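Visitor: Now for the letters of each chain:
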Amino acid sequence: MSTSPETSPGTSRETSRETSRVTSSAGPASRTAERLRELRAEGRAALVGYLPLGFPDLAGSVDAAKAMVAAGVDIVEIGLPYSDPVMDGPVIQSAVERALAGGTRVRQVFGAVEEIAATGAPVLVMTYFNPVLRYGVDAFARDLAAAGGAGLITPDLIPDEAGAWIEASDRHDLDRVFLVAPSSTPERLASTAAATRGFVYAASTMGVTGERTTLGTRAAALVADTRAAGADLVCVGLGVSRPEQAADVASFADGVIVGTAFVRPLLEAQDRAAGLAALTKVAEGLAAGVRSADRTIDR
Amino acid sequence: MELDQARLRDSLATNEGPYFGEFGGRFVPEALIAALDELDLEYQKAKVDPAFTGELMRLHRTYTGRPSIVTEVPRFAQHAGGARVILKREDLNHTGSHKINNVLGQALLTKRIGKTRVIAETGAGQHGVATATAAALFDLECVIYMGEEDTRRQALNVARMRLLGAEVVPVRTGSRTLKDAINEALRDWVTNVETTNYVFGTVAGPHPFPAMVRDLQRIIGEEAREQVLDLVGRLPDVVAACVGGGSNAIGIFHAFLDDPGVRLLGLEAAGDGVDTGRHAATITAGAPGVLHGARSFLLQDEDGQTMESHSISAGLDYPGVGPEHSWLASIHRAEYRPITDAQAMDAFQVLCRTEGIIPAIESAHALAGAIEVGRELGPDAVVLVNLSGRGDKDVETAARWFDLLDDDPAEKVAEIPGEQL
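Taken in order, these protein sequences are the chains called A and B.
1 is the number of the first residue of the first sequence in this note's numbering; add one for each residue after it.
1001 is the number of the first residue of the second sequence in this note's numbering; add one for each residue after it.
Simulated from the structure, these hints should not be mistaken for lab results.
Remember, it's a predicted structure, so these values are computed and weren't measured experimentally.
Beta carbons are placed, not taken as given, at the ideal position from N, Cα and C, and that holds for glycine.
Stretches of chain B that chain A covers, calculated by requiring three or more beta carbons in the stretch to come under 8 Å of a beta carbon on chain A:
#1 1021-1027
#2 1170-1180
#3 1183-1195
#4 1290-1296
#5 1300-1313
Incomplete in silico selection of chain B near chain A, CB under 10 Å:
#6 1030
#7 1031
#8 1034
#9 1037
#10 1287
Model the full structure from these sequences, guided by the hints.
Guide: Here it is as structure tokens:
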């Protein structure tokens, strides 16, 4: 933390300016961004799938992530289980609680990332900040990069507080995916877009992770506003669970992020094989949804 | 400009956040930033607006019962090395603790912002009861999140909140205690932030809560400083207060921060003992990290997972602590010591028997600290103790601890090791 007692609330803007300088001097292209642009060239959005590490157990979570990729998921998000997941709804909370109760350890994420990355899909780690802080921000970045990971999604870390992570991600060529929300001001959309490497994660709605029957119109507006604020690549998450929703989001966003809908079949399955089969079916449906999107409206 | 910087350097009491040294900040989802900015901006305006401060002072006088008195306790002091011990009587406030000071300010602010619904977390129920009280007074919809374990242990406070018109939501995730109640309240806030203000109960959480809640509690120390000067003719040698999240302690410490001769003593809950691992002594035994929106000391394992805390006092049973306390500890301006359940309950009994005052078990930790430091300093010392709450809510716990219940042996305390209210 490079904070000092003299820092006042007004300095967050200065931090943002600094972060945008850092971004513009970044080295090699982001692997995630590269994949998203390839898919854009193919005329479709990416399907980004989330699963928590260690659920139902370590090997089971790796198998599930691979199955997801085999069924059409383009980019994988591995969630690091955390004791206080304030951005997660009940389904992901129960999976994460079970992962922790099963003894899942932070350091196991690197091996898992390595195995999943072998499929060729970019693998991001979604994590609350304290486990990274505890491991050591630079050490975490180093070990994630060594494992072939693409970067981090940080739901409780805003760019204003991310000085150490921004430095470390630059040093190790990792993506840093920050979130924007329907409540974000134009100034914050701009500073977040500038600090981001990879893509900006647009929260479709105000709330936590979970399935929603309708997404409303805020997601499309937020994506447009985020692009207007300088972001090239914007993916949408929170609430997407059904193929027709995925198709809808894929018509205006660069990626459709799905979590709860992938976790639920694993939670509800009678056994491992049934869980993987159900997960595969969900992934195939969403992948088809993404591929069926009508992108003529927006592009 | 130079003058200002010199003043800032010299005064420890002017720190407005978001950072207290390396502690504090805003480690929250982006979705909450707009609401935190709005709250901060409105609060900065309100605190210099005579309409706001005047209304708050009127409520303190006519509703809470401020200024709260101080009581010198000579019979208790015989157990504290003969030092002069003076209690600041926050236990006499409406709703029975210092929590009302903060809640009235935040409820006024909620009205000012134009929001119609308040949410709050509560452990023992004191902050929940205070929030439900203010919500009734200001006609706000009120939802209180409380760990399921705590709703069971504090059934009477649940009933109190419901009598006052609040909805009480038992939280069934994680450890089902205060920490998880805060998580659930944060999830509600992210979802309903357009209509809802989060009335945070302590000096932790993201900016502006640590500075704002401190400002609203600062009245404790401002009153007490004058009262002790009147009574004794000089400043106290030690100011003692219990520290969970740390709001009553910051409230009484602040008026003395720039008095270098006054030692500030925070007493943390050591539960069964710091070396047993079953405690809530965050600064004594924790390490810096991020929890509930701020960087501060916290109880965490080697993976950065929050550890469960343990204390006989539900109000201190929290694995985090406010960032300003972490800062005051790091610059050695305040000292933090652990007090075990047994030490606290001994002090609890001494105050009951010698002075006819039943303290909250939280505040009994501060009393135990006063006994300890009084014995160290001897009869010339003056020790000011923040008696942050009254013990009505703790009668059942205390009766079990001291084995005062005559009921069915099958229901005896022995069956409930680690009972925490």
